[in-house]
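Protein chains in written order, with our numbering: chain L, -7 to 141; chain C, -7 to 141.
Calculated directly from the structure, the hints in this document are not laboratory data.
Treat the hints loosely; a few may be bogus.
Heads up, the list lumps identical chains together, so a pair's fine if it works in one copy or across two of them.
[Stated by the list, open to error] Simulated pairs of lysine-lysine, DSSO-like, Cα-Cα distance not exceeding 27 Å:
1) Lys106 x Lys23
2) Lys38 x Lys23
3) Lys106 x Lys83
4) Lys78 x Lys23
5) Lys106 x Lys38
6) Lys38 x Lys83
7) Lys94 x Lys38
8) Lys94 x Lys106
9) Lys94 x Lys78
2 protein chains.
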Amino acid sequence: MSLFFDDVWVGQEFRSGSHLVSRDDILDFAKAFDPNPFHSDDEAAKTVGYPGIMASGLHTLSLSFRLFFDLHLWDEAVMPSPGIDKVRWLKPLYGGQEIQIKATVIEATASRSKPDRGIVRLLHETMETTSQGVIFTAEGLHRLRRRLA
Amino acid sequence: MSLFFDDVWVGQEFRSGSHLVSRDDILDFAKAFDPNPFHSDDEAAKTVGYPGIMASGLHTLSLSFRLFFDLHLWDEAVMPSPGIDKVRWLKPLYGGQEIQIKATVIEATASRSKPDRGIVRLLHETMETTSQGVIFTAEGLHRLRRRLA
């Protein structure tokens, strides 16, 4: 069953399962997308105040959205997204840590020009599973079809 | 030569080389991070109004920052970033297209609590090389050490 724009309400919450992030995952992503050395070299990470390499923020962001998409909430309604606001990396993500996400609807706006769709703004929060400490937040914009379009 | 916080000024511009994005790159990224079907299935892309699969926005974002990091502007000064604002996907990115980026300093704020560093806000713009059409914009926050720290 797919949700449509009309099925979404402010305050609605969605929670994902957990995902274990390995050191190799962190190294692979850094190699592909983020050459900043504190994502691939433990000594470089120590010089910026961390005990060892941490995931690239682009990796944490991509994993967080992957966990959200894996909920398959609105497979029949989803259209390409217009954007994301307020991406914030609050704590580092290390290899061997497990993450899970909570997403809360904070705004739902029907399109004025296109009556078949609307934009839903979600607060995405990514927690380290054991501590439940929030390591990442962002406000994702999701474009969804209306049920009665 | 590495830039430090003190070497950066509002209005300063940086431009990257070009990077060719393949259809396989798009498929690989989608498989890892974005199961929305319009990134892996041409028919699904057509149902949302595009001629074929387009890169996941997370992929476009990650590639855009990769191109920026590859400039190695501030290798000796860079610390982990606090975040990104106003991520916007303006046009789709297709396999076979080449992209390049322009980054413009729009704000530079010395830390009040930590005199050894500051935050630089850059407007990142990703262009399709041939048309120079802007396909992606974001405001990246970059935490840099001060030269005299």
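Non-conforming hints, listed in increasing numerical order: 1, 7 and 8
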